[in-house]
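Enquirer: So the chains spell out like this:
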Amino acid sequence: MKADATAVSDQWLVERITAVASRRDRGAFTDLFHHLAPRFKTFALKAGVTHQQAEELAQETMLMIWRKAASFEPGRAAPMAWLFAIARNKRTDLFRRASPAHADLDEAPEHADDDRYGPEEVLRASRARDLVERAMMTLPPEQRLVVEKAFLEDMSHADVAAELALPLGTVKSRIRLALSRMRDDLPADRP
Amino acid sequence: MISHHPANELLFDFATGAQPPALALAIATHLSFCPICRASVAGLEALGGELLSSLEPTPMGEGALATCLAQLDAPVTDRAVRSPRRPAPKRTPEALRRYLGDDLTSIAWQSVGGFFDEVKLPELTPGYRVSMLRVAPGGHVPEHGHEGNEFMVVLAGGYQSGGRHYQLGDFSSCDGSEEHTPIADPGEDCICLLVLDGPLAFRNPDGHRISPLLTM
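Residue numbers (this note's numbering), protein chains in the order written: chain A, 1 to 191; chain B, 1 to 216.
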């Protein structure tokens with residue numbers, strides 16, 4: 001099956017996720033499958049699994065999207081953020097350690113009642129997404145590398161440090177620098 | 001009010017999914033109380049989403065779509081009702097329910113040397129020890145150091161340690177450089193989730209090591 005390499009907009013994704021959620025629309029789901037499954041497969045392969053395992057992850061992730069589509073709240077977060085969390089949870093589930101912490105957060109990310117969003121949150125979510133996108137385009141290569149290894153190759157800080165033969169402190173500060181470009185409101189300093 | 005949070009790199013490893021499950025359990029438990037850290041994790045997931053959308057697609061096998069469509073109607077045991085994440089007083093946070101049931105008051109505690117009560121959770125990650133701890137009001141855990149890291153999340157009551165006060169939802173971490181004698185607040189039992197990646201080194205009042213109260 002030929003992989004669809006064209007980019008899609010947030011709007012395109014939101015329309016199809018909500019069509020799946022509200023009307024169990026298989027046409028919309030098929031569109032999502034064609035676009036997302038091959039990317040979920042790449043996501044799995046980057047973590048170092050076989051093609052068969054990667055296909056399995058992509059299938060399982062698509063199934064979870066079908067099941068949990070109703071829990072996606074447009075405007076709360078970018079659709080790709082929601083989709084990333086599902087793929088991440090499935091990757092943990094299937095390939096490593098069956099992490100109960102993520103699995104128990106309802107397998108797809110749940111949202112607490114006490115941070116229900118209003119118009120300010122919607123604005124904040126789309127602004128945050130813009131920041132991330134812009135920051136990613138201008139990250140210095142050494143920062144981009146550690147961030148990509150962490151997210152896409154399933155590596156903790158310690159794993160990244162070991163693989164790149166860097167001090168742990170260097171990895172921490174590169175990640176911190178990368179993230180600081182993506183926020184305009186840094187949280188209070190923590191240890 | 002939550003005033004003690006996990007370090008940024010702990011939230012980061014949680015968000016990427018690369019964190020050892022035993023530690024992720026402590027982070028998830030804190031998140032159930034803390035909208036600030038949830039927002040941080042959400043921001044990191046947004047970054048994950050960007051990276052995911054930048055990936056080149058890898059073609060799926062022939063018939064992959066058909067296989068997937070055929071499974072859409074398979075029966076699923078889903079939770080029908082979305083429960084609020086922030087647990088009511090004495091209700092177990094979601095991440096811990098599969099081990100402890102819905103209610104903190106129904107835990108089958110076991111006494112440890114008369115100092116405090118505990119119940120160990122099943123092993124989640126080799127080398128990590130995960131347990132629930134209960135200390136009576138005003139009671140203290142004997143002074144100890146750490147051969148590894150100690151992470152705690154307060155689920156009921158509170159405690160003082162190292163001049164800091166930890167209350168409901170607060171997250172604390174100690175490493176090998178620290179020794180402390182946590183003391184539970186008066187008024188109610190202090191219940192915590194405890195995660196260790198190395199043994200505790202307890203000492204008697206003369207400063208000599210005593211046999212481990214908690215085996216890894």
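For the record, the hints were derived by calculation from the structure and aren't laboratory data. Be a bit skeptical, because a hint or two may be false.
With a straight-line cut-off of 16 Å between C-alpha atoms, the simulated EDC-like cross-links for lysine to aspartate or glutamate are [claimed, not checked]: (1) A:K46 <-> A:E163; (2) A:K46 <-> A:E148; (3) A:K172 <-> B:E56; (4) B:K90 <-> B:D189; (5) B:K90 <-> B:D102; (6) A:K46 <-> A:E56; (7) A:K68 <-> B:D175; (8) A:K46 <-> B:E56; (9) A:K46 <-> A:E133.
A partial selection of chain A residues facing chain B, derived with a Cβ cut-off under 7 Å [unchecked claim]: (10) Q11; (11) D31; (12) F33; (13) P38; (14) K41; (15) Q53; (16) M62; (17) W66; (18) A78; (19) M80; (20) A81; (21) A85; (22) T92; (23) R134; (24) M136; (25) P140.
Even glycine gets a Cβ: it sits at the ideal position worked out from N, Cα and C.
Enquirer: Holds or violated: the hint that P140 (chain A) contacts chain B, with Cβ atoms closer than 7 Å.
Expert: violated, 16 Å
Enquirer: When the nearest CB of chain B is found for D31 (chain A), is that gap smaller than 7 Å?
Expert: It is violated, given that the least Cβ distance between D31 (chain A) and chain B is near 11 Å, above 7 Å.
Enquirer: Given the hint that K46 (chain A) pairs with E56 (chain A), test it: the Cα-Cα distance must not exceed 16 Å.
Expert: holds, 14 Å
Enquirer: Does Q11 (chain A) pass the interface check with chain B, least Cβ-Cβ distance below 7 Å?
Expert: violated, 14 Å
Enquirer: Once the shortest beta carbon distance from A85 (chain A) to chain B is found, is it less than 7 Å?
Expert: holds, 5 Å
Enquirer: Please check whether K41 (chain A) passes as an interface residue: C-beta within 7 Å of a C-beta belonging to chain B.
Expert: holds, 4 Å
Enquirer: Regarding the hint that T92 (chain A) lies at the interface with chain B, is the smallest CB-CB distance below 7 Å?
Expert: Cβ of T92 (chain A) sits 5 Å from chain B, so the hint holds.
Enquirer: Would the stated hint for M62 (chain A) survive a check requiring a Cβ distance to chain B of less than 7 Å?
Expert: holds, 5 Å
Enquirer: Less than 7 Å between beta-carbons is the criterion; does A78 (chain A) satisfy it with respect to chain B?
Expert: This interface hint holds because 6 Å falls under the 7 Å limit.
Enquirer: Using the nearest Cβ pair, does A81 (chain A) come within less than 7 Å of chain B?
Expert: For A81 (chain A), the interface hint holds, since the closest Cβ of chain B sits about 4 Å away, which is under 7 Å.
Enquirer: Tell me if the straight-line CA distance from K46 (chain A) to E56 (chain B) falls inside 16 Å.
Expert: Holds, at about 11 Å.
Enquirer: Does M136 (chain A) hold up as a contact with chain B if the rule is Cβ-Cβ below 7 Å?
Expert: OK, holds: M136 (chain A) within 7 Å of chain B, min 5 Å.
The structure does not agree with the numbered hints 3, 7, 9, 10, 11, 15, 23, 25 stated previously, though it agrees with the rest.
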